[in-house]
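Q: Sequence:
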Amino acid sequence: PSAASVRMGVADMEGVGPETANKIFDPLGFSNASPETLAWYRAAELKHSRVAMTAVTGWAWVSSGGPLFPGYLSASEGVTFESLGRDGYAAWDAVPEAGKLQIIGTIGILELLQEGSTKPHYMVGGIPGKVPLLWDPLGYTARLSPETLATKRVSELKNGRLAMIGVMSLVSAHFVPGSVPLLP
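Sequential numbering of the sequence shown, starting at -6, is according to our numbering.
Treat the hints with care, since some could be wrong.
Stated by the list, open to error - Calculated pairs, DSS-like style, for lysine-lysine (alpha carbon to alpha carbon, straight line, at most 30 Å):
hint, residue 1, residue 2
1, K151, K16
2, K93, K16
3, K93, K123
4, K145, K93
5, K112, K151
6, K145, K40
Derived by calculation from the structure, the hints in this document are not laboratory data.
Required output: the full structure, derived from the provided sequences and hints.
A: Laid out in structure tokens, this is it:
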């Protein structure tokens, strides 16, 4: 199936594959939840996956010496993008408090807009992870066959799972030098 519906159980959800011998891997028993809760779990998994994929990309860009934004992050406090440094974790600590509040506020507004605009909502039969405000503004997926779209959704899910592990590896490498092979 190309989408997890609230009427489906965990066995019908995309994401089971050869990595788990085509069986459901659920050692903590999350799959015993109600269908509505499963849809919420999947939507949260996709949301966190997308954030993690963006975080890994940004962390790799900054730590590998990619160009940074010119100018000030906060002109009033004299903080430039370059002054944040190249350590992704330490950069967050260097962001002024007002900047952190703006980031968290923007995330909150986007969350409220997304939750209110999804029709039907993913907990009552909609597609978990579909974000109408940001979902395919160029119409790319409209040109895909249902089979291709289903394959891409599974790829997004699996790449996102790997990215979540990657972010935790980057954070670990920050606190425990040498804990992640190939990272300085």
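Q: Are the Cα atoms of K93 and K16 separated by 30 Å or less?
A: This hinted pair is violated, its Cα atoms lying about 41 Å apart.
Q: Decide if the proposed pair is consistent with the structure: K145 and K93, CA atoms, cutoff 30 Å inclusive.
A: It is violated: about 33 Å lies between the C-alpha atoms, which goes past 30 Å.
Q: Within a Cα-Cα threshold of 30 Å, do K112 and K151 meet the stated pairing?
A: Distance ~25 Å between K112 and K151 Cα, so the pair holds.
Q: Below or equal to 30 Å on CA atoms is what counts here, so check K151 against K16.
A: Distance ~15 Å between K151 and K16 Cα, so the pair holds.
Q: Are the Cα positions of K145 and K40 separated by 30 Å at most?
A: 16 Å, holds
Q: If you draw a straight line from the CA of K93 to the CA of K123, is it 30 Å or shorter?
A: Answer holds: K93 to K123 is near 27 Å, not above 30 Å.
Figure legend: structure checked against the earlier numbered hints; hints not met, in rising order: 2, 4.
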